[in-house]
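Engineer: This is what each chain is made of:
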Amino acid sequence: DARVTQTPRHKVTEMGQEVTMRCQPILGHNTVFWYRQTMMQGLELLAYFRNRAPLDDSGMPKDRFSAEMPDATLATLKIQPSEPRDSAVYFCASGFGTAYEQYFGPGTRLTVT
Amino acid sequence: RKEVEQDPGPFNVPEGATVAFNCTYSNSASQSFFWYRQDCRKEPKLLMSVYSSGNEDGRFTAQLNRASQYISLLIRDSKLSDSATYLCVVIKGGADGLTFGKGTHLIIQP
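Residue numbers (our numbering), protein chains in the order written: chain A, 1 to 113; chain B, 1001 to 1110.
Hints were generated in silico from the structure; no laboratory data involved. Misleading hints may appear alongside valid ones.
If we take Cβ atoms under 7 Å as the criterion, some of the chain B residues that face chain A in the derived model are [to be verified]:
1) GLU1043
2) LEU1046
3) GLY1097
4) LYS1102
Restraint ranges, calculated between C-beta atoms of paired labels, are given here [claimed, not checked]:
5) SER1026(B) with GLU83(A): 26 to 32 Å
6) ASN1065(B) with THR38(A): 25 to 31 Å
7) SER1068(B) with ASP56(A): 27 to 33 Å
8) THR76(A) with TYR1070(B): 33 to 39 Å
9) ASN30(A) with GLY1054(B): 28 to 34 Å
10) PRO81(A) with TYR1051(B): 29 to 35 Å
11) GLN1109(B) with ASN30(A): 39 to 45 Å
12) ILE1107(B) with GLU83(A): 30 to 36 Å
13) ARG85(A) with ALA1029(B): 30 to 36 Å
14) THR76(A) with GLU1056(B): 36 to 42 Å
15) ASN1065(B) with ARG3(A): 32 to 38 Å
16) ARG85(A) with ASN1055(B): 36 to 42 Å
Keep in mind that this is a model prediction, so the values were computed, not measured. Each residue gets a CB set at the ideal place from its N, CA and C atoms; glycine is no exception.
All chains, please: the whole structure from these sequences, using the hints.
Structural biologist: In structure tokens form, the structure reads like this:
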């Protein structure tokens, strides 16, 4: 049963620290998405890649967030420096082609104090 | 106006009843529509796509009304296991990322 995996599942850090979240998409999927979910805003698309190339990161605060795909099996989302307002659940999802069907990972629950 | 709007609920429904909820979208260029389901503290999972002609999957029926820019989800013979948050999802033409509504919380009561 192929699944998207994300690490860490939980992260508590202090304001100003760097946070790196990792995602392993389903093998064979060529499109990877990063979403953030909060009670106030719901689920928001931050960025996505196709064939490892960034296609859209307009939803991501550029000054502190960065997303990369160093290889086809790993996507990373980095926050530096982190702020309390970044506290949320960060989901990675993968799909194939136009990615109309996306498979979500279990999420990373981030708390910034 | 938000891109995708849903009544947050909660909808409290007795087991066995039929429940329906709608979702409105603001961008008339939206091309693809879905319902996702999210259980508490879990990831969203695709429930069903929504086609212009309407579609049914077991106890679930989805409809699209392009003229009025809304989609609907009907659940018949509801089960306790249907309790979840149902997320309306829209893809704009030319885009890949999903635009989510904030979800409708459904509670099926025994």
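Engineer: Against the structure shown, which of the earlier numbered hints fail to hold, in ascending order?
Structural biologist: 10
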